[in-house]
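**Q** With the hints as constraints, model all of the structure from the sequences given.
Protein chains in written order, with my numbering: chain A, 56 to 247; chain B, 7 to 107; chain C, 2 to 644.
These are computed hints drawn from the structure, not numbers from a lab.
Do not rely on the hints blindly, as some may be mistaken.
Claimed, not checked - Calculated lysine-lysine pairs in the DSS-like style (CA-CA distance at most 27 Å, straight line):
1. B:K63 / C:K225
2. C:K257 / B:K58
3. B:K78 / C:K264
4. C:K257 / B:K78
5. A:K66 / A:K209
6. C:K225 / A:K187
7. C:K224 / A:K187
8. C:K213 / A:K177
Please read these numbers as outputs of a predicted model, since none were measured by experiment.
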Amino acid sequence: MSTKINLAIKKRVVYRSRPHEATGLCTGCRSCELACSLANANVFNPQRARIKIVALGAGIDIPVTCQQCEDPWCQKACYVNAIVKDKKLDIFIVDENKCIGCGNCVGACPYGIILLDPITNKAIKCNLCNGKPACVAICPSHVLEFITDNDISKVNRRRFAAILYNEDNALRPVPSGAERIRLLPDRERRRP
Amino acid sequence: MPKKELKVIVRLYPPLNDIAGQDFLSLFIDPGATIGDLLSNLVSRFGEKFKKCLYEKSEKIMPAWCIFINEKIIAIKDPNSLQEHLSDGDKISIILNLAGG
Amino acid sequence: MKQKSSYAGKILSINLSNRDIHVEELDPSFVSLFLGGRGFGSKILYDNVTPNIKPFDEENLIILTPGALVGTGVPAASRTTITTKSPLTEMHGDGHASGTWGASLKYAGYDCLIVKGKAEKPVYILIDDGRVEIRNASHLWGKNTSVTDKLLKEELNDPDISTVCIGPAGERLVRLAAIMHDGSDKGVNARCGVGAVMGSKNLKAIAARGTKDINLHDQEAYKKAYQEYLETIAIDPYVPPATKYGTCRFMYHRVKFGIHGAKNWRYGSFEWEPLDPEVFRSDYQVKASSCPMCPIMCRRDYRIQSGKYAGTVAKLEWECIARSITCGINNPEIVIYFSNLCNQLGLDVEGTGGTIAFAMECYEKGLLGKEDTDGLDLNFGNHEAFLTLTKKIAAREGLGDILAEGCYRASKIIGKGSEKFAIHVKGGEMTAGDPRGMPVRAVSYATSTRGSDHLRSNPYVEELITPEEAEKWFGSKEAADIYKGVKGKGRLLKWSEDFVTIGDILGLCKFAYYRSASFEYLKKKGLQLATKFYNACTGSNLSEEEMFKTGERIFNVEKAYNTREGADRKDDIIPLRFFMEPLIKDKIDENAVVDRGKFNTILEEYYKERGWDVNTGIPTREILERLQLRSIIQDLVKRGKLA
Chain A
56 MSTKINLAIK KRVVYRSRPH EATGLCTGCR SCELACSLAN ANVFNPQRAR
106 IKIVALGAGI DIPVTCQQCE DPWCQKACYV NAIVKDKKLD IFIVDENKCI
156 GCGNCVGACP YGIILLDPIT NKAIKCNLCN GKPACVAICP SHVLEFITDN
206 DISKVNRRRF AAILYNEDNA LRPVPSGAER IRLLPDRERR RP
Chain B
7 MPKKELKVIV RLYPPLNDIA GQDFLSLFID PGATIGDLLS NLVSRFGEKF
57 KKCLYEKSEK IMPAWCIFIN EKIIAIKDPN SLQEHLSDGD KISIILNLAG
107 G
Chain C
2 MKQKSSYAGK ILSINLSNRD IHVEELDPSF VSLFLGGRGF GSKILYDNVT
52 PNIKPFDEEN LIILTPGALV GTGVPAASRT TITTKSPLTE MHGDGHASGT
102 WGASLKYAGY DCLIVKGKAE KPVYILIDDG RVEIRNASHL WGKNTSVTDK
152 LLKEELNDPD ISTVCIGPAG ERLVRLAAIM HDGSDKGVNA RCGVGAVMGS
202 KNLKAIAARG TKDINLHDQE AYKKAYQEYL ETIAIDPYVP PATKYGTCRF
252 MYHRVKFGIH GAKNWRYGSF EWEPLDPEVF RSDYQVKASS CPMCPIMCRR
302 DYRIQSGKYA GTVAKLEWEC IARSITCGIN NPEIVIYFSN LCNQLGLDVE
352 GTGGTIAFAM ECYEKGLLGK EDTDGLDLNF GNHEAFLTLT KKIAAREGLG
402 DILAEGCYRA SKIIGKGSEK FAIHVKGGEM TAGDPRGMPV RAVSYATSTR
452 GSDHLRSNPY VEELITPEEA EKWFGSKEAA DIYKGVKGKG RLLKWSEDFV
502 TIGDILGLCK FAYYRSASFE YLKKKGLQLA TKFYNACTGS NLSEEEMFKT
552 GERIFNVEKA YNTREGADRK DDIIPLRFFM EPLIKDKIDE NAVVDRGKFN
602 TILEEYYKER GWDVNTGIPT REILERLQLR SIIQDLVKRG KLA
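**A** Next comes the structure, spelled out in structure tokens:
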């Protein structure tokens, strides 16, 4: 008799995990950025937000959230072991007491979502607000979701399928070998 | 001998049409029916959300609503206006008085 | 310890003539009287731009002031006011736009930017926290707004830096020129020719970014007010159509009430079906967008997929559709392309559409011939002529050079009786819907302090109050009757004007706070919650009465400014057309003209309620005293405008 392992411990914030459903799109209001800086630093300052909206032009806005990698590039890049495990949420967070603000992690993150706080000069990344992400709570179009490993797997699968589709249709330039590895979600990268 | 029913066409504007799920409907109503009766009919047909949208919490319809019978506007703020009788073939529109610019 | 407040605390002044850059602390007594946004702008304009200064003189100021709540997370607190002496009206002028620029200025550490003087050659200003530079913009001069924005973001190596800029129209001092935020598809400070003043200073753009904190005084109160706001908009029937259709939704109202202003404000009915909001939504919409911090999501971008203008993506707002109808246009792709042209060239769609419609009527009546229109067949509804003339106006070419002056001045140049159908108030082209049949609406266009403007007053309060509320608030049940009511309308107008001014002071969007389906929700959002947010963010303790009084105060500052420029009751009037010519609809009714008697009655009740002289329409010493505007009293007395 096997025991079913509960996969529902770790959660991540993602954008539109179920795009085939009739949910809205990011409207670019950036309420999430200020909700984040308010929750983490008690101020309004988008430069201190750990979720970032990227405007791609022609009215398209996409939220980029920390992917909460299993084996993060930011942690590997840190010289002083300031990126440590939060055991409760099973994610990596920045220990501000150890961080020296060198910025190495900033360049290492393939998603560009660990940053240097301009006021404290320490690295900042999403800490999931103790399990109640402020960005998810405030999003007026409800396009940010806080989802489990099972649901994450479906998101990753769909995302990779879209890459394969696009390559197949030559709608985008095909990334080179190394670049392609960087574009894949963290789990894919660990495969030999 | 039963009296002939009246047929009226109702046009619903946002957000009523979204609540009702349709823009237009034809209704058969009793002769002698008033605008007030028509509204009761619509409310019972489309439920609480529809009612709340029109009346909010009060018994009177919210003043921001405009009702047209064949392009003639009903003075919604006059409580007697809802006693206006309907005729066969009337086109009724219910629109929010959303002046804009 | 200094109290935490969402004010940045500083005013930045830049003189482009001598390159002087000056930072001063925000004076607390100034803040307590004028709060921010339009409040700061109007008072600074009064204090500095006197009647001897012309709009294109070096000494004219451009005053950029984000609303008091901009930079915070308050819902829909995204609007920045730009105030100047208007080249269209030669009086108080301002424009409001939502975008990231105002917040960026505050994050850089400033609540207000004042630009004065004139640069020798085209320049742009960079504000980067404490670093403020005046930089060469010769490589940007002549470029469209979207290209300018793109080049600036590349040059400054920052895709997130906020910019405001003018297009070729502003550079050529076209009096209909606008200032565009972040390229061509975000906010627009459109009215009063503010873009032309920027052009007259050889100022192409202002880029701003900042890393400073905006503090919050009371987080609990802020969160509570936020929750209350969300609960209110969840039940207000006004909101779902806004979210579903964007501003296109106003079409249904115009159709039903027959107030299009079609063909230069003569026809109330029009073949509008091709412009149905459903058509825009299903055939052209890219997606719903929001202004910063806004949950209503009523901004729209539209893409033309096929045909002559395929590939065009443009932000489109309702008044662009309305003014296209004024020119007899009913093709959605032409409307989208027109919006794109105006946005790229930096033109106000209201002024441009209104002025082209004026030219079309001149052509129709034979006052302009083909030799005057450079061969264009300037008939109502002619797409090619409509779009070509827009480009000519921005380029000041041929007939465009005359029309670039706005319809009022153009009518003076063209003469031959064309003044009769230049539809403007105080020089500013008319906006929104036709005023015939709705008495207080007609008066509201006349009393606006920046030329004809429906946004100054939103007298639509009459649409949503019950007769009982009307009696309680404005003294008569009649005030709730849109068509026949006269008594109480003057008081309603004053109330509406002061109420809406609060939004401009705080930087709040009117669609999010100052429109509603009920009077209760309206007051709740626009006054009660606005005040709660203000106190929570800044640490002030303003009552609702004091907030309302601030709106009244600022309106009076603007009125005093216009008085000083020589305006009085004779200027508070709308064009004769609306009094004399019946609105042409499918059928004509007795409400087809503005009744002169009703107009005057409402206007006089309005003056009385305002505490202004009923005969001259000029503010009195008593009211200015009550509003703590002593310096203005002294100034007006000195100039002989006040006893």
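**Q** Hint by hint, say whether it matches the structure.
**A** Going through the hints against the structure:
1. B:K63 / C:K225: With a Cα-Cα distance of about 23 Å, the restraint between K63 (chain B) and K225 (chain C) holds, given a limit of 27 Å.
2. C:K257 / B:K58: Measuring from Cα to Cα gives roughly 24 Å; hence the hint holds.
3. B:K78 / C:K264: Holds, at roughly 24 Å.
4. C:K257 / B:K78: Answer holds: K257 (chain C) to K78 (chain B) is near 10 Å, not above 27 Å.
5. A:K66 / A:K209: Since the Cα atoms of K66 (chain A) and K209 (chain A) sit roughly 13 Å apart, the hinted pair holds (cutoff 27 Å).
6. C:K225 / A:K187: It holds: about 18 Å lies between the C-alpha atoms, which stays within 27 Å.
7. C:K224 / A:K187: Answer holds: K224 (chain C) to K187 (chain A) is near 15 Å, not above 27 Å.
8. C:K213 / A:K177: Holds, because 15 Å separates the two Cα atoms, which is no more than 27 Å.
Checked against the numbered hints listed earlier, the structure breaks none of them; every hint is satisfied.
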